[in-house]
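Engineer: Residue-level listing of the chains:
Number of protein chains: 4
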Amino acid sequence: MTKVFDYAEVSKHNTPESCWVILYGNVYDVTDFIAHHPGGSKIILQLAGTDATEEYDPIHPPGILEENLKPEAKLGTINPDTLPSTEKSPAEESPEESGPPDLESLLNLDEIEEVATKQISRKAWAYYYSAGDDLLSKAYNNTVYRQILLRPRVFVDCTKCDTSTSFLGHKVDLPIYVSPAAMARLAHPDGEHGIAQACATYGAMQIISNNASMTPEQIVANAAPGQVFGWQLYVQTERAKSEAQLARIAKLPVIKFICLTLDAPVPGKREDDERSKNIGSNLPVRSAVQDGGSTSQTSSDPKTPAPKPSGIGQSLFAGTAADLTWKTTLPWLAKHTDLPIVLKGLQTHEDAYLASLYTPQVKGIILSNHGGRALDTAPPAVHTLLEIRKYCPEVLNRIEVWVDGGIKRGTDVVKALCLGARGVGIGRGALFGLGAGGKEGVARVLEILKAETETCMRLLGVEKVEELGMQYINTRTVERDIYDGPAGLERPTLWAKAKAKL
Amino acid sequence: MTKVFDYAEVSKHNTPESCWVILYGNVYDVTDFIAHHPGGSKIILQLAGTDATEEYDPIHPPGILEENLKPEAKLGTINPDTLPSTEKSPAEESPEESGPPDLESLLNLDEIEEVATKQISRKAWAYYYSAGDDLLSKAYNNTVYRQILLRPRVFVDCTKCDTSTSFLGHKVDLPIYVSPAAMARLAHPDGEHGIAQACATYGAMQIISNNASMTPEQIVANAAPGQVFGWQLYVQTERAKSEAQLARIAKLPVIKFICLTLDAPVPGKREDDERSKNIGSNLPVRSAVQDGGSTSQTSSDPKTPAPKPSGIGQSLFAGTAADLTWKTTLPWLAKHTDLPIVLKGLQTHEDAYLASLYTPQVKGIILSNHGGRALDTAPPAVHTLLEIRKYCPEVLNRIEVWVDGGIKRGTDVVKALCLGARGVGIGRGALFGLGAGGKEGVARVLEILKAETETCMRLLGVEKVEELGMQYINTRTVERDIYDGPAGLERPTLWAKAKAKL
Amino acid sequence: MTKVFDYAEVSKHNTPESCWVILYGNVYDVTDFIAHHPGGSKIILQLAGTDATEEYDPIHPPGILEENLKPEAKLGTINPDTLPSTEKSPAEESPEESGPPDLESLLNLDEIEEVATKQISRKAWAYYYSAGDDLLSKAYNNTVYRQILLRPRVFVDCTKCDTSTSFLGHKVDLPIYVSPAAMARLAHPDGEHGIAQACATYGAMQIISNNASMTPEQIVANAAPGQVFGWQLYVQTERAKSEAQLARIAKLPVIKFICLTLDAPVPGKREDDERSKNIGSNLPVRSAVQDGGSTSQTSSDPKTPAPKPSGIGQSLFAGTAADLTWKTTLPWLAKHTDLPIVLKGLQTHEDAYLASLYTPQVKGIILSNHGGRALDTAPPAVHTLLEIRKYCPEVLNRIEVWVDGGIKRGTDVVKALCLGARGVGIGRGALFGLGAGGKEGVARVLEILKAETETCMRLLGVEKVEELGMQYINTRTVERDIYDGPAGLERPTLWAKAKAKL
Amino acid sequence: MTKVFDYAEVSKHNTPESCWVILYGNVYDVTDFIAHHPGGSKIILQLAGTDATEEYDPIHPPGILEENLKPEAKLGTINPDTLPSTEKSPAEESPEESGPPDLESLLNLDEIEEVATKQISRKAWAYYYSAGDDLLSKAYNNTVYRQILLRPRVFVDCTKCDTSTSFLGHKVDLPIYVSPAAMARLAHPDGEHGIAQACATYGAMQIISNNASMTPEQIVANAAPGQVFGWQLYVQTERAKSEAQLARIAKLPVIKFICLTLDAPVPGKREDDERSKNIGSNLPVRSAVQDGGSTSQTSSDPKTPAPKPSGIGQSLFAGTAADLTWKTTLPWLAKHTDLPIVLKGLQTHEDAYLASLYTPQVKGIILSNHGGRALDTAPPAVHTLLEIRKYCPEVLNRIEVWVDGGIKRGTDVVKALCLGARGVGIGRGALFGLGAGGKEGVARVLEILKAETETCMRLLGVEKVEELGMQYINTRTVERDIYDGPAGLERPTLWAKAKAKL
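Residue numbers (the UniProt record's numbering), protein chains in the order written: chain C, 1 to 502; chain U, 1 to 502; chain L, 1 to 502; chain D, 1 to 502.
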């Protein structure tokens, strides 16, 4: 017999000593959970005694509630007639209700971002748009592609054009994949599953975020035949949690590899995101397959407490381990998964070289500065690619090298491939597509990029992606900015040392 | 006995099943033609049952109607008294009627573009102004000239200055020619023939566009003694059509060469032009000596239909062949014309070198990125010229090298000539001149460029164009950006292979 | 028996012949002092016959009045009831009284400067903000850091991060110190002592300005255990005054070194500061431990009088010696202080090398262009660091090298340390922090920089500051701009000469 | 007995057949002179039958009227009572009458230009401000100095600073001279004589323009003891006129050299100046010691008349010879003057080298692109200096090298001297000074530049201008842009040829 509560009763329990919330029509006593909430206690207390469904839903995957609360925490149900009528803040809740946008009329990714920016909440925008410090790396990620000139050849039959390729041996129709981007339901209820549906239409690969707002099972549901997924792992301080996640992923055969993220062991400083915490109510941010734990960013000096984590980006870091190393992490991972590993977030040729020594466990690397969201003035992937070509080109033969960051045009895709990348990831592009039009918006993003990529290949006189190479691009203006400091000059010694350490 | 129709009767035939249109006072049944219209069926259907003359006229050369419709398609004439009075949309149709501009007061090409932009329709502007993607190559085409410094010599008698030169042995008064620019009547009723008249006044060469809005015969009518023309060929998928065009051109002795365009085998992505399709009525775009055929830009993947062609630029590509090659196309061309060939759209030294192996059939090349309208971030002609000078300077002796793109000043003309170009083409400049003042506007453009070129030559201390050379320019800032990748470094091998293939 | 004056009586004495002023309720006859006022006579005469306390107070340290006036100059006290009620100019005096800013909401140094700019007087802003001529060096000081890319390493345990280091053997918690910035009380009554308190909280070093608006004794009062101070010396033309200052400093054991400033022997041209003299009343500017003397900037040509000193910056230079040399000044200094010397304002590798020959007296150098306030287009410290690395890297082993100028982010701090700097100074940052929120504002500045520095170190994979090095940064774009003229090329000869001169 | 005319009578003679004008109260019949007016007949005819004094006066030196008209052309005087009352166009004639500016408050040359721009007529502004085509060289002339960094040395006694130097052996107090800038009375009635008075105050040299608005005798009247002048020569097509001018100059012993201008044998395209012809009435422009003759800029092609000369700049070119050569002009000049020759307008190291072969007749050269007014994208003097240093540094020892163009700051002056220039010229700076405040305005310009130069020298640690050298500047960013084409690479051969030709 479920007990039915009146709202007046629930609303009295709004203190740390007795804290109730209403979720999906049920009434929960979360008093004991307050201290363990990865997003912090403050956020829960702000919603104590109220119906928190609207704030809770878009950022928590289903099932997470049951995993974290004891059965007796569920006290009963709410009498819906006693709920107060909600008044939406017009600025925050109903941005521009000018009807669904005409996706056909959006001709490029900038226009899609522009539409999405108007459609989604300020908080979602801040989380997606933000990047480290002064956004210099975010900007350079894109402009570095503009510095590269193309070299079209003429008198080449270009009636046919084939954008298909393979990732780790799995055939895909596009050299473009969707990067592990968190919290997709903030942009649109279609969420990560909507991205998966768009990817199915275009034969594109998707890497599922460790902080997805839907469960992996939901995301890969009804995958198309041959559809390829990867799954992103942020190793948790409590390793058992990660191990449980890996076991869960192992049951989903469409997930073909683990993408271990290394470029953000601690969160970058994303001021736009931090500022958004002051807008509207604080959202209790929670990720999909992750179970709390305390933040690793403790100040080294007890006198000076570090600024409190704030913004969605900071909250997502709760529990993430900062103590990963070549020596300890890869062997541990080998024990808990048979899937091949792709290391994400390499930014120097030294690390690319090191990674290439870990075959066959490591089958690929993603050159990434985390979309400029981690360390500002970190190098764009184009730099790291050129570094590799200069100092250790053999890496490109040993493992697959993927890149992300700054891709806005098909010409960007083609340039990355000419430089030696096997594929390119889009993160914000997919999220803004989702924000602009749900799964159809993501499909429009892929449609545009595919068409631009084909036009570029044809005008270069190239039929298949494997034909693309350095003879089709002029990288002079970028090459003169590539690192040539000690690590590059003394590499024979360094390489010898690296191998000896294995 | 011609039948006379009332407008009420015609206007009933506005469906795919029965589609009539009024053109020049005649009534046509175009039902059977809808599916064959190169500009697409949608455009015809929008005008079905109405008087389409105003939309049809400025972009279709005379005679094209008769060529495409069977005699029985002409049903009769319209009773003019039954026509509805037209109401022009003021924004689109009567831009700024502040009287004809004072051409003398326009001092440079930017000012002429500014005036033309106000005078011509939004649709015409979009077609002329647009370029690929983000317009980076279009902008760089011009700014790269600004990066080059001049080196004036003093104490040189500069009382005389002679801008005359020759193209393929034909004397001209200017090293400047009008590039094959399509659809001139969109800018002004004087159209391509107006350009020809202005060229006659200044002794300048003109290359007639394959997509001109007047017939070649109209354009070259009343040519001045010694006036020189070329004719641009876009090879059609249905080769017989191109062969017929070549035969027709052979009858016009003032046309001295065939300019085979290679830099746009598929259309670039010109978003300004694509956007303009949504402005006002859709124009049924049709080119002068071209007879339909289906677009070659078919998607390689049936699941993902390519975005539909739109904008004038896209429509013009209908029927254009994308399967041209050195091996097949030049021999085919040799069978159908005795005129010398100029290859337009080369963007790499490799292709320039290859072209130079095809003398004597190929007598010239035009370094061009199609005014930035094909592939964005393609190199400007200045880059390709410097590449040729670096890797295969002998090309400059074997064939004539012309350039286009970005020319706005006499100093730009002189710099191109110093770099080794024999002549420079202007495209948008001529069209905007036409838009600003008809044939007098084009003449003003040539007058300005001629005067600026003379002033520049005199201040350099140069009397004749053949004296211009690398000692008169400082190209340091551009030279360090020139391609030096594998194709350049391994050129001896490449050249050997290229010759072996012949 | 103190005589009590009415305001009416005092106000009659407002001429050079008889000049009285009211300060802190007392009436002084300053007629004899007018000619000796370092800030010029004009300023005193403007305030003659009035209560000058408000203008005098924020820029004169306590005790300075008594030091400069004879006892008999104090005539008596003012009857406060006779004073006119003051009317503040709203624009100048009450800038924005929107309450104290929420320091937590200010996320970076730019935002703090923005808030401070609104809080402080226009005159204070002009003095802090201003720099030489066109502010080119000031801007470049910052942007040069943005030109340097970071090279984050992955798979490095970054749970711990330690920003502590030492300056001249004294342990500090931060590699960041507060530069000798003058006139802090213009920004906030907390003044230089407030800066000291903030430094105590974060274990940061502070260098006390020679032109502080508080006495050294006040500033170091209640220093925290282990807190480290330096004291800046501008050598006075009347050396005896400097000698007296050094003797006074010797009594303060928390002051660990003398920072001899060399980069501004004559004042730069700070136009913003000069313009501010025309705003509101002229302030009689006076520094803390400095006793007048005439300006050394005399024109070499009696026909052409140099523009009069104006602005706070100019006034502070009164009495500063311009005749310092390696040969004479260091030996003189050795006679009057046992403290180690840090030379501030070196801008070439030649001078850095020379300084390194003067160990052990000279223990450190500060590469500085005086915040861009002395000579415009002088090189930023990053240039000088790279010059040293190129031409005389041994300097970095012989003496400590500190830098200042342009630091706005933790990444800037880390980059300077990677280049070989032992520490970085912030000047305007601390003053704007003071302006934004007094000592708490300075603390917020240090808190932000510490947190940003830690985030940067962790994301690079670095635990301790001594691990930072050139392998963590890419300086290609800066390196190609580094001086390589004769002084660099002929350095072996130059070095030999330099040593021979010793 | 002078005849007295009524205005009504005069105003009837307003046709080419009978053209009278009133000047300074006299009535002249200028019918016969119309065809010979260097500024063109149109301008006279616009003023025919009216009182032309206001238009005539500021641009014609005294005496020019009598030189050009026969005595009988003076018909009599006007009855002043019959003159119509004049109505000034407020926009053109009374710009901003906010009283004389406070020159002391103007802190730099930009501020002086800003004030002058408001004070002077639009026509005068257009003439001074304008430069060739897109003003690229004008802008680069200045920004190239900003690309050069200074290298201040410390621990150098800088109590003394001496800016004196010598030009061609004549002592001057400043390394700054006033360039030959035409039409000074357009800016202010003080005219070129006002400039001379300001130069006397600061011991600066002045080069008198060939197109001055006052006679040379007026300009040098009451010269200070030791004051130094040069005189600019534009050789006239009618050589006899130039010979007469040289003879006249020979009678003025304060004029120490002839500055032969070579950088503008034909006028550049100054669009701002050309546009100004349409503002207000057309001024009959006339230069000081120049007597008409026809323009040499004849079109090479009778079909295409060159655009008519317009704007003040174009008018001044009337009669200027374009046929000067090393072989013919210098020997001719030797016959007509004993004064040393300074060649102005060299822009390449080749020409600098050639000039150095013509010692002792040629004693100096001025590297100049005519203030960017001749050929746009011509190199700034800094480029030519660096070219000389690279390819033929011996030139700097053989002859004096002066530079002009772009000088706005004392740091610019110092940089030019470090590069090897003996002096720097200011043109627009002096004219805008005149416009801002007459002779006091020019003095303020010199005062500012002198003070800034001294501050810069002191902060560099330099006492005398001859100590300045390449060790004080970092020119890396400019050096990589310096010409290194064939003329540089093949210079040994070129030099040999050049000497052989002598």
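Everything labelled a hint here was simulated from the structure, so no lab data went into it. Misleading hints may appear alongside valid ones.
[Stated by the list, open to error] Among the chain L residues that face chain D by a calculated CB cut under 8 Å, a handful are:
no., residue
1, E67
2, L69
3, D323
4, A487
[Said to hold, decoys possible] Below 25 Å or equal to it, Euclidean Cα-Cα: the simulated BS3-like pairs (lysine-lysine) are:
no., chain 1, residue 1, chain 2, residue 2
5, D, K160, L, K327
6, U, K464, D, K497
7, C, K160, U, K501
8, C, K464, U, K335
9, C, K497, L, K464
10, U, K327, C, K160
11, C, K390, L, K327
12, D, K160, U, K160
13, D, K464, L, K327
14, L, K335, L, K499
15, L, K464, C, K501
16, D, K390, L, K390
17, D, K390, U, K464
18, L, K501, D, K464
19, L, K241, D, K160
20, D, K464, U, K464
21, U, K390, D, K464
22, L, K12, C, K501
23, U, K390, C, K390
24, L, K501, D, K74
25, D, K390, D, K497
26, L, K335, C, K327
[As the list claims (entries may be wrong)] What the simulated footprint calls covered on chain D by chain U, stretch by stretch (three residues with Cβ under 8 Å from a Cβ of chain U suffice, anywhere in the stretch; the number is not a length):
no., segment
27, 70-80
28, 126-140
29, 169-182
30, 472-484
Built from N, CA and C at the ideal position, the CB exists for glycine as well.
Engineer: Run every hint past the structure and note whether it holds.
Structural biologist: Hint check:
no.	hint	in the structure
1	E67	27 Å, violated
2	L69	30 Å, violated
3	D323	4 Å, holds
4	A487	4 Å, holds
5	D:K160 <-> L:K327	18 Å, holds
6	U:K464 <-> D:K497	22 Å, holds
7	C:K160 <-> U:K501	23 Å, holds
8	C:K464 <-> U:K335	32 Å, violated
9	C:K497 <-> L:K464	22 Å, holds
10	U:K327 <-> C:K160	18 Å, holds
11	C:K390 <-> L:K327	50 Å, violated
12	D:K160 <-> U:K160	55 Å, violated
13	D:K464 <-> L:K327	21 Å, holds
14	L:K335 <-> L:K499	23 Å, holds
15	L:K464 <-> C:K501	23 Å, holds
16	D:K390 <-> L:K390	23 Å, holds
17	D:K390 <-> U:K464	30 Å, violated
18	L:K501 <-> D:K464	22 Å, holds
19	L:K241 <-> D:K160	22 Å, holds
20	D:K464 <-> U:K464	49 Å, violated
21	U:K390 <-> D:K464	47 Å, violated
22	L:K12 <-> C:K501	88 Å, violated
23	U:K390 <-> C:K390	23 Å, holds
24	L:K501 <-> D:K74	80 Å, violated
25	D:K390 <-> D:K497	19 Å, holds
26	L:K335 <-> C:K327	58 Å, violated
27	70-80	violated (count 0)
28	126-140	holds (count 3)
29	169-182	violated (count 0)
30	472-484	holds (count 5)
Going through the hint list in order, the structure does not satisfy hints 1, 2, 8, 11, 12, 17, 20, 21, 22, 24, 26, 27 and 29.
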